[in-house]
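6 protein chains.
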Amino acid sequence: MKSPLVKDLTADQAITGFFLVIEKEVRNTNAGKPYLRMELGDRSGSIEARMWDAFETLAKDVSRDDFVKVQARVEIYRNKPQLSLQQFRRAKPEEIDLADFLPHTRFDVEDLYKQLLAHTEGMKNPWLKKLVTKILNDPQIIPRYKRAPAAKVMHHAYLGGLLEHVVGLCALAKQIAAHYQELDVDLLLTAAMLHDVGKLDELCYERAVSYTTEGQLLGHIVMELETVTKAMEGIEGFPEKLKAVVQHILISHHGQYEFGSPKLPMIREALVFHYLDDLDSKLAAVRAALDIDSGEEDWSAYSGALGRKFLRLEKYLTETPSAQPKKEQKN
Amino acid sequence: MKSPLVKDLTADQAITGFFLVIEKEVRNTNAGKPYLRMELGDRSGSIEARMWDAFETLAKDVSRDDFVKVQARVEIYRNKPQLSLQQFRRAKPEEIDLADFLPHTRFDVEDLYKQLLAHTEGMKNPWLKKLVTKILNDPQIIPRYKRAPAAKVMHHAYLGGLLEHVVGLCALAKQIAAHYQELDVDLLLTAAMLHDVGKLDELCYERAVSYTTEGQLLGHIVMELETVTKAMEGIEGFPEKLKAVVQHILISHHGQYEFGSPKLPMIREALVFHYLDDLDSKLAAVRAALDIDSGEEDWSAYSGALGRKFLRLEKYLTETPSAQPKKEQKN
Amino acid sequence: MKSPLVKDLTADQAITGFFLVIEKEVRNTNAGKPYLRMELGDRSGSIEARMWDAFETLAKDVSRDDFVKVQARVEIYRNKPQLSLQQFRRAKPEEIDLADFLPHTRFDVEDLYKQLLAHTEGMKNPWLKKLVTKILNDPQIIPRYKRAPAAKVMHHAYLGGLLEHVVGLCALAKQIAAHYQELDVDLLLTAAMLHDVGKLDELCYERAVSYTTEGQLLGHIVMELETVTKAMEGIEGFPEKLKAVVQHILISHHGQYEFGSPKLPMIREALVFHYLDDLDSKLAAVRAALDIDSGEEDWSAYSGALGRKFLRLEKYLTETPSAQPKKEQKN
Amino acid sequence: MKSPLVKDLTADQAITGFFLVIEKEVRNTNAGKPYLRMELGDRSGSIEARMWDAFETLAKDVSRDDFVKVQARVEIYRNKPQLSLQQFRRAKPEEIDLADFLPHTRFDVEDLYKQLLAHTEGMKNPWLKKLVTKILNDPQIIPRYKRAPAAKVMHHAYLGGLLEHVVGLCALAKQIAAHYQELDVDLLLTAAMLHDVGKLDELCYERAVSYTTEGQLLGHIVMELETVTKAMEGIEGFPEKLKAVVQHILISHHGQYEFGSPKLPMIREALVFHYLDDLDSKLAAVRAALDIDSGEEDWSAYSGALGRKFLRLEKYLTETPSAQPKKEQKN
Amino acid sequence: MKSPLVKDLTADQAITGFFLVIEKEVRNTNAGKPYLRMELGDRSGSIEARMWDAFETLAKDVSRDDFVKVQARVEIYRNKPQLSLQQFRRAKPEEIDLADFLPHTRFDVEDLYKQLLAHTEGMKNPWLKKLVTKILNDPQIIPRYKRAPAAKVMHHAYLGGLLEHVVGLCALAKQIAAHYQELDVDLLLTAAMLHDVGKLDELCYERAVSYTTEGQLLGHIVMELETVTKAMEGIEGFPEKLKAVVQHILISHHGQYEFGSPKLPMIREALVFHYLDDLDSKLAAVRAALDIDSGEEDWSAYSGALGRKFLRLEKYLTETPSAQPKKEQKN
Amino acid sequence: MKSPLVKDLTADQAITGFFLVIEKEVRNTNAGKPYLRMELGDRSGSIEARMWDAFETLAKDVSRDDFVKVQARVEIYRNKPQLSLQQFRRAKPEEIDLADFLPHTRFDVEDLYKQLLAHTEGMKNPWLKKLVTKILNDPQIIPRYKRAPAAKVMHHAYLGGLLEHVVGLCALAKQIAAHYQELDVDLLLTAAMLHDVGKLDELCYERAVSYTTEGQLLGHIVMELETVTKAMEGIEGFPEKLKAVVQHILISHHGQYEFGSPKLPMIREALVFHYLDDLDSKLAAVRAALDIDSGEEDWSAYSGALGRKFLRLEKYLTETPSAQPKKEQKN
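Chains as they are written, first to last, in my numbering: chain A, 947 to 1277; chain B, 947 to 1277; chain C, 947 to 1277; chain D, 947 to 1277; chain E, 947 to 1277; chain F, 947 to 1277.
Looking at chain A on its own, in the form it has when it is part of the complex (with noise of 0.2 Å):
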């Protein structure tokens, strides 16, 4: 475990730790005297840190996106607290705990993956659950699965956050289904732990989320196509028109052309799965947005996700007197 966490440094602190080095470069004094300024970060935040001598050598060793491990001292430089640098190198794998660097979900992610592999248990469709389960075992897939965040910046955006929003999907599905006797639990279900599956490869979340070129160029939807489509041809026997409408829902699910769906819901499960995924995100993104303070009492930060901002509804209706309404049989 690092330690400490950029959020929690003080002033005249002395401290030796581990940070990601989010921006180096050497730059001139007004006297003409060159120095080292760094970006220093973790999952907390980030710090400005400079060193004035000898740091060259020390200097040729890093680059951006590196770990370092410092030795510094906290001042105050424009209000703003900075890491004066009095060693540091680079630090070894071992030394690193990457779950240190990036926000990740509050829940046990083995515990989530059981949880996603019983939901394939009871499932019915025997091609379906040949279909996830070969998915969801492929080791290829295991690892990344578990530490996808499940967006850069709309919501769950952190580490394990496609998992916990998968298995979030897997249960709402289920209840759903049987609120709708006449949806499919099972199109549903491969629905939940299969739309996401591009963002693995769409998304690069070793040190900090951002997208990969491929992803880029492709998107996650058409990226999960190639994934899932391989690994229903890969099933013998999987029925050709089964396949397009595993098809169809995945590539629907964003429900509109203008959020990158080639094509409109036009299967009952294809809509349904697209208004649960679509109310999911956006209550995670509300959740979000409340979690900031915002400096109004009332209210939650602003949500570009949402484009707007949520009221805090516990802390307006607490001011509000605890009457009781008058018990109207004793009038």
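A hint or two may mislead.
Since copy identity is lost for identical chains, a pair holds within one copy or between any two.
[To be verified] 20 Å max Cα-Cα, derived SDA-like pairs, lysine to any residue:
{"#": "1", "residue 1": "1015", "residue 2": "999"}
{"#": "2", "residue 1": "1026", "residue 2": "994"}
{"#": "3", "residue 1": "1187", "residue 2": "1263"}
{"#": "4", "residue 1": "979", "residue 2": "955"}
{"#": "5", "residue 1": "1261", "residue 2": "1227"}
{"#": "6", "residue 1": "1075", "residue 2": "1183"}
{"#": "7", "residue 1": "1228", "residue 2": "981"}
{"#": "8", "residue 1": "1060", "residue 2": "1086"}
{"#": "9", "residue 1": "953", "residue 2": "1130"}
{"#": "10", "residue 1": "1026", "residue 2": "998"}
{"#": "11", "residue 1": "1261", "residue 2": "1185"}
{"#": "12", "residue 1": "1261", "residue 2": "1130"}
{"#": "13", "residue 1": "1228", "residue 2": "1129"}
{"#": "14", "residue 1": "979", "residue 2": "1092"}
{"#": "15", "residue 1": "1098", "residue 2": "1248"}
{"#": "16", "residue 1": "1228", "residue 2": "1201"}
{"#": "17", "residue 1": "1255", "residue 2": "1155"}
{"#": "18", "residue 1": "953", "residue 2": "1250"}
Honestly, the hints are just simulated from the structure, not real lab data. Since we're looking at a predicted model, the values are computed, not measured.
Here the structure of chain A is known, so what remains is to put chains B, C, D, E and F in place on it, guided by the hints.
Showing chains B, C, D, E and F alone in chain A's frame:
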């Protein structure tokens, strides 16, 4: 019970039965001889009717939107059935069961209403419970709540459709609130029960579903805002802030400005309720489109409400050979 | 009268005066020494203020949104003026004239209000006359009606702006009704007088213009709908249909769904009033944009409300040589 | 004066009258015998006409868009009246009053034109006065200005409609300029008089209103830009900048790109004129919709130009009991 | 070769020929006597056919979409030609040339295909050359590639239309790549050859052009993505990045989300190809609109694909007097 | 030739050179001492300059938009270079080559103009040839045509950019007309040569590219319409219909209303020219985005004109191993 239904009429049949007068006019033959032409209907469809002689006295007593008892013979004219009238008179109110003239829910409305009241029983928030109990027990409201359709054409467009939609939403709301524990189930239930109360007055559903003049000028959102606001003000001590919350949920439940919501949902429960209402309505529209024979084997009729047609999933997949996937372990 | 205004402060000036506390915080110098930093303002702008010593006791007594009396010296820091505080204390209510802290209409509000009441005098429709008279004489409403701005930023965004806008609209309505004789002038006057009554509660304009929480949840259209509806119901015998007409005019006056009108204008007077309100607001926004020096000779500042800048017509044309056209008859 | 009008024809009537040939063709009966079929019309509507024998010579002399004098008998065929022709010939020009074949303004056009010229008298800006005087006294323009409709279907779609619209706008412009004293009334009057001059050539309104080929390729904004620019250039010394101002007002008067304005209004008078023109056109469209019997008691016909129907306000309110509010002072 | 075509049938003609059964039903006369009604068609149009007696046995053997050989007489009914059938039987496959029943390109498809293969010859990039060669020589693909239309209604909507469109695009691509030397011609050629391969399966064009169920669920972009991806994976060593580039060009070629492209073009060649494809399609649609007689002299028929009509330029200009401009040097 | 360029300045360098004055103001130090601050620029960028003593007399003679000759020393302040001025004076016109102060095309403009005139030589339509020859040889137009940029920021935003764009379009037009033989090449060439002539006056490009007031009021489409119309009217006998065709092509060349075209292309050549102009502009924008280092290896800078970034195709693909596909025949 009226008999027979328009859709069951066959050539050369002699009938006696009750119909709604949809159109009535006197026309001239090419030879200049006047005759009576009416369009008659019931919940199954409509048919042309003509009377060639001695209709003047009979016709005077009957207007558009009246019910008539007719004695007639079914003839085929230009390949379509037509009624050749022998006798008719205005029907007496006691002879008519309105349910014969408008389609209605396949559920028992008394039973649905009991379910609705049962949902109010479990509510914990005393103010909200008092509010919905008051409205749902208002003798002015009860009979119309049991009768109103949920819309003119979009979804649940039949007598009792509103109640069916609301009871479905209550059950759905409880499941969603169980899944997302941050949600206040009582607010969701209140929303479900009151969000379409304005439709009781926006629509006119005596003999056919249409809009009232006030309904067109104000819309059901504004109309129910007035009804519910008055009810809240009638409850002594009803908290001011809770009133604003309920009002916000009502006015934002269409989710977008262009659907007549003057505010977008800015409370978590308002957002979620919008999704549930939209999902339930859309699924009902899919159901209606699937109920119509489109002439295309694999597809429903085109749904104007949804802007597309839907796949008949079961039909499409059953053409799939019933083969089972090979057991992988056997390979 | 406070003195001096922020915009008149010059370097090295020693001042004593009253300001609104916009921000207040304690910071540390690089050397770790705490100091007080405030942002102080009045209707002409805002300025940074710092106090380096012995501020602790003074600062405790003062919060954001308080008014303070300060003794200070104007210094230039990074090319901007700044206050170096020597003394300050919370101002007493009687020392403060709020008008010094918010911009206000250049008209006399008492005079405007008299004009407004005069417009009610000439009304012929007894019900509408009674309605507006009741509201405009409500002691809860009068003082706020005289004070409210018409908007936060779009147009007439200053104290008394709403009243100025309304009185202008009344005069305009009379001219238009004289021109188009098919129009009912009393409906237009009623619309002018009541269409923004909801802004009395939607906006908060004690010390700066902002939105109330209820204002954000409901919007002024819904808020005034409630106020006006209650007033109509309080008038015995007020015709039901006239009530629906007034309600329709209020809810449709923004003219389009995306501006928060749940219904489009479907009554002639509603359509016309929407045009008048829009025109008057837009012209006020043009006026405001022309009042700002944009740095471009021929052009106003860019108006966010209008999405463009406007030509300074007179300026542009006066560069035209003042030649007169030749008299044609002389040729 | 032609007689009778199409709308007044009744069964079995023998008539002699003048009509416009809208369609003309020779068809075969089922038995293979050729007959002449024409559609004949006047300003009140159109009717089918047939001639069974000896029509060959007569028909040769007549084409679509010609006027004919016919002798015929009104028969009823498939419940619609039809002319059975006995004789017909091409009408002589002197027999035809075009006004019988196109609807026209209910005002006297000579009188309207005098009002228009009177508005030019009071103008103060010598250049603008010279400009409009020149155009409105151009013998090429006068007769067409008195005759042109303001549009094909949207508003004032009848002969003289353009002039009626313009004269109305001039009066309105003066009132608005009196209300907003910052406005230049001469620019508004110039805009009113010239903003639709291009319609003289965009539309073709000899025998029915349609678009000319040039009108479709260029549109009236571009066409009047050329006309007015030429007129300004023909006035020696016309200020260059004033020319740009007039051109801007013309090209921006539709107010939005999608209505064919290549620039948005960026001059105060351009913005205001756009509002006045739009308001006057929309009110004319409302008037037209109210003139049509829609079959719904409370509502006008649906107006395609406005995308909705309008309430018949007087009709709706007169069902209101004529009760008077109680005098408050009496209570 | 079938004879005669529907469009050449004339009254009273006795014919023997082959037609496609578009509709088939048994109806009753007013007198209750059953008769057979069919709609028969070929590539030139369709016609009603009736048989009054002894049709039962014949009719049993024939269904919609079958070809029939008929013996009949052309009659005129309500001014339209109709077939009165004397005899008919199902046609034998060898009697039918499908090209008689669907419109086809005016070019020779074998010749077009040779041109297409010639374009592959000159390609320099070995991987792309191998890819297109493989697909264009696939015996599963060749016959359908030669036959498919490019669209159902928008452009090149006839047999061989796809091939004609593609060969045109290849030539165009070469010219554009010669003009903009920064472009990779092989990528443009690959795009031209493969961008509509999915239409081979999206459309059904055996007897009339329509969509397959899979075509509606997936669309041709997704369908060809699968075909081309499989082909690339079947080529050993095909570079991963080049694969992503080809996939991107395919999925982005509609240029906008609302036309079903899940990604916008982000590669120069993808952008250019989108323009070429769009231009060629639009020009084909203009050509089709100009081929139809609209009844307006100067104008084409209205093109739904383009949302407007087009000027018949030559026709319009030839009415221009053939005068030549004066030689300026002579002045 | 000026020296050195702003982008080549390095710390501690003593320089003498010419710059454009972008901003000029006198400020006070914290100590209240006035100093001169200017922003100086050339085609490579801009730099701050300060003079601390004895600047008053020098400064009086110099204004914004003047050129100055300066003697200065380059210092580093807050990590950015800055000029410390020792001397400066207004530059004499003969000392300045404007090309040093605005970026320009990499082609020789005299050579481009010759190519442009050569394109006019081959034109067959005598009227169009006369029209373009007249305009392109107008001494008022030539120098500005050689100098104007094609846009302020969107594409070809450098001196000579317009000419480069037009000459490119002429060559492209000829290729397209060779490919689609239905197209009239002379109309396309005319369009290419005249479609942006209005930009000569819409933009101001003396010392920096900006819009003229007339350019903002009218836009280049309306401005060139006037120029070209006048030229056509100045050619005796120029056919009226051809004039309308040329006008239509000019006003429709932006292709959509929202881009300022008051008419959509309704002539084949107008549609095609719109595509060519759009393609050439977009490709230039891509080129400009690729010229900027975005910091992302695989991607260009974000292009505001295109709303996205573009792949650096060559760079991306060269990381591909240079393997060749196996020869299939060898297997």
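Now the hints, each set against the structure:
1. 1015 to 999: within (18 Å within a copy, 40 Å between copies)
2. 1026 to 994: both (9 Å within a copy, 18 Å between copies)
3. 1187 to 1263: between (53 Å within a copy, 6 Å between copies)
4. 979 to 955: Result: close only across copies, 17 Å inter versus 28 Å intra.
5. 1261 to 1227: neither (24 Å within a copy, 33 Å between copies)
6. 1075 to 1183: Answer is within: at 14 Å inside a copy they meet the 20 Å cutoff, but 33 Å across does not.
7. 1228 to 981: This pair counts as neither: shortest intra-copy Cα distance 46 Å, inter-copy 43 Å.
8. 1060 to 1086: Answer is within; shortest intra-copy Cα gap is 17 Å, inter-copy 45 Å.
9. 953 to 1130: neither (48 Å within a copy, 33 Å between copies)
10. 1026 to 998: Both ways: residue 1026 and residue 998 sit 18 Å apart in one copy and 18 Å across, limit 20 Å.
11. 1261 to 1185: Between. Shortest inter-copy distance 14 Å satisfies the 20 Å Cα cut-off; intra-copy 54 Å does not.
12. 1261 to 1130: between (41 Å within a copy, 14 Å between copies)
13. 1228 to 1129: Between. Shortest inter-copy distance 14 Å satisfies the 20 Å Cα cut-off; intra-copy 23 Å does not.
14. 979 to 1092: neither (48 Å within a copy, 48 Å between copies)
15. 1098 to 1248: both (17 Å within a copy, 18 Å between copies)
16. 1228 to 1201: The answer is both: 14 Å in one copy and 13 Å across copies each meet 20 Å.
17. 1255 to 1155: between (24 Å within a copy, 19 Å between copies)
18. 953 to 1250: Result: close neither inside a copy nor across copies, 24 Å intra and 35 Å inter.
Consistency note: the structure conflicts with the earlier hints numbered 5, 7, 9, 14, 18.
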